[in-house]
Amino acid sequence: MAAIELDDVRKGFGDVQALRGVDLEVEEGEVFGFLGPNGAGKSTTINIVLDFVRPDEGAARVLGHDAREESVAVRERTGVLPEGFDLYDRLTAREHLQFAIDSKDAADDPYPLLERVGLEDAVDRKAGGFSTGMRQRLALAMALVGDPDLLILDEPSSGLDPNGARELRELVEEEAADGTTVFFSSHILGQVEAVCDRVGIIREGELVAVDTIEGLRENVGGGSTLVVQVDSVPDDVDHRLKSMDGIDSVTVDGTTLRIGCADDAKMTAISELEDMGATVSDFSTEEAPLEDLFAAYTEGEK
Amino acid sequence: MSVRAVAEKDFRDALRSRLLIVLTALFALFAAGASYVVTNIQPPQQAQFTGEVTTVLLIVGLVSATAVFIPIVAIAAAYRSLSGERQSGSLKLLLSLPNSRQDVVLGKFLGRAGVVSIALLIGFGIGLVFTAVFADAFSAAEYLAFVAVSLLFAFVFVAIAVGVSAFTSSTSRAAYGAFGLFVVFQFLWSILVQGAVYVLNGFSFEGLEQGDTLIELSQVLQILSPTTAYQQGTLWTVRRLAENQEAQSAEAFYLEPWFGFVTMALWIILPLAVGYLRFEGSDL
Numbered sequence: 001m002a003a004i005e006l007d008d009v010r011k012g013f014g015d016v017q018a019l020r021g022v023d024l025e026v027e028e029g030e031v032f033g034f035l036g037p038n039g040a041g042k043s044t045t046i047n048i049v050l051d052f053v054r055p056d057e058g059a060a061r062v063l064g065h066d067a068r069e070e071s072v073a074v075r076e077r078t079g080v081l082p083e084g085f086d087l088y089d090r091l092t093a094r095e096h097l098q099f100a101i102d103s104k105d106a107a108d109d110p111y112p113l114l115e116r117v118g119l120e121d122a123v124d125r126k127a128g129g130f131s132t133g134m135r136q137r138l139a140l141a142m143a144l145v146g147d148p149d150l151l152i153l154d155e156p157s158s159g160l161d162p163n164g165a166r167e168l169r170e171l172v173e174e175e176a177a178d179g180t181t182v183f184f185s186s187h188i189l190g191q192v193e194a195v196c197d198r199v200g201i202i203r204e205g206e207l208v209a210v211d212t213i214e215g216l217r218e219n220v221g222g223g224s225t226l227v228v229q230v231d232s233v234p235d236d237v238d239h240r241l242k243s244m245d246g247i248d249s250v251t252v253d254g255t256t257l258r259i260g261c262a263d264d265a266k267m268t269a270i271s272e273l274e275d276m277g278a279t280v281s282d283f284s285t286e287e288a289p290l291e292d293l294f295a296a297y298t299e300g301e302k
Numbered sequence: 001m002s003v004r005a006v007a008e009k010d011f012r013d014a015l016r017s018r019l020l021i022v023l024t025a026l027f028a029l030f031a032a033g034a035s036y037v038v039t040n041i042q043p044p045q046q047a048q049f050t051g052e053v054t055t056v057l058l059i060v061g062l063v064s065a066t067a068v069f070i071p072i073v074a075i076a077a078a079y080r081s082l083s084g085e086r087q088s089g090s091l092k093l094l095l096s097l098p099n100s101r102q103d104v105v106l107g108k109f110l111g112r113a114g115v116v117s118i119a120l121l122i123g124f125g126i127g128l129v130f131t132a133v134f135a136d137a138f139s140a141a142e143y144l145a146f147v148a149v150s151l152l153f154a155f156v157f158v159a160i161a162v163g164v165s166a167f168t169s170s171t172s173r174a175a176y177g178a179f180g181l182f183v184v185f186q187f188l189w190s191i192l193v194q195g196a197v198y199v200l201n202g203f204s205f206e207g208l209e210q211g212d213t214l215i216e217l218s219q220v221l222q223i224l225s226p227t228t229a230y231q232q233g234t235l236w237t238v239r240r241l242a243e244n245q246e247a248q249s250a251e252a253f254y255l256e257p258w259f260g261f262v263t264m265a266l267w268i269i270l271p272l273a274v275g276y277l278r279f280e281g282s283d284l
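Protein sequences appear in the order of chains G and C.
Our numbering puts the first residue of the first sequence at 1, with every later residue one more than the last.
Our numbering puts the first residue of the second sequence at 1, with every later residue one more than the last.
The hints are simulated quantities; they were obtained by calculation from the structure and are not laboratory data.
Some hints could be false.
[Unchecked claim] Part of the chain C face toward chain G, derived, beta carbon under 7 Å:
no., residue
1, 2
2, 13
3, 64
4, 67
5, 90
6, 92
7, 97
8, 207
9, 283
[What the hints assert, rightly or not] Some chain G residues flagged as far from chain C (calculated, every beta-carbon gap over 12 Å):
no., residue
10, 28
11, 58
12, 80
13, 87
14, 123
15, 166
16, 240
Even glycine gets a Cβ: it sits at the ideal position worked out from N, Cα and C.
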């Protein structure tokens, strides 16, 4: 059974088509990164999964329940860190946790959960005085109440400092190791790369890719760059290399050549250079920066 | 029970608002002041007649003032209950938890009703002391009955304010809506009813007699105002307690003084139901 199943989900707000037919399957137990630029439809998708908004067309099933009709059953087994949420300024951290525990009918104790997110020193402080990072941590602790089967984190690292982001990553890994499905959204690929089994990329309301990070690299083509040092650059190197299979780009900088190519074309590129009379003194490969990979999916012509 | 979780959370939260402290203080001042005015400055006509201000007469004098003041307290305490959470985003936190939207509306109503009860009970408690001092013949039972009916009336406006708050995502619209309804019930209702009769009778009041359908209709409508219902309900209760007599039987059931309670119950259920249906069907 899939943890989250979206079937041709469409949603418009006035003239704006936020989602244009999204099909998505998140498997149980996987860590799924949901990526896209701001305004691409990430939050709308999550809001439909949580029944905050209702799709115009299509259906969503979460943990085997209909997201619309059986939303309470879904939320009984789901922990959520919503995007753009607010806390109750007059209630303490402990009272927030107690509210989540009462609502979920869980047997948890607030303190260990607050300790887990690093709020053990703020247990009886009112949330009104919390920093953005602390607010994020408190909401995260509420999401962990009742040991959920599914964690939905909408832009969880916004407001967290690098240290907090690392703790968040560790927490996601712990939960995943425990069998929890984690679905989280981000507009920065670098944040999800380290923890995600798979990522989905959404752009203008359409899912443009669902794959592992490695799979995405391969798909984009020229997933890596070959950097070659030569004694002298042969004439016409640009043209000759580019005419070969698997080589996308060649840039020359002094005696350094940067060749964008598929992995299996690297050795051919080097022997071709030597055939042209150049002596290769050194070479290395660089993986395409994640931002380039992300940009390849989310920018330019479709 | 999720309703209980929401109600408890809301009660704790709202109880700590500065607004509530201000409202309680105002209401206490009002209750004390009004008792003083009714007993010493402007006693009800009957008291001028007999020279004795009984608890019943005091309540008769008070009820037209509480009919204005209580709705203001109730609305001020409840108009932000849902629209405020929607505007700030805390509603997302509330609905991320397994609370249904019905739990949320009912829980909000119960939480705010609890908070308003506290404010009114403190206010009435202070009023009680003044009443005991000023009234010539003090009856605790009558005063407590008055407090109970007043709480019910407060719940009507809590329900109206929560219902309106569930209806809109903006706190300012929720405030306009709830206070607008209050103004309609308090000041415009009988004018509107009169106007409706006038229009339905062919733009005149001529030829209308007791027993006409139109007259009966206007009586029903008149009684359906929660403010009228409150005054009717209070008077019926305290008079029964005071004089220990059965109220005279009226011609129609809706003219019976106890019908005020039915009306108040309706005005609790209706706004909550309408607000819930709208809230249930809308995107956050």
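Task: Hints not upheld, ascending by number - done: As far as the earlier hints go, 3, 4, 8, 12, 13 are violated by this structure, in ascending order.
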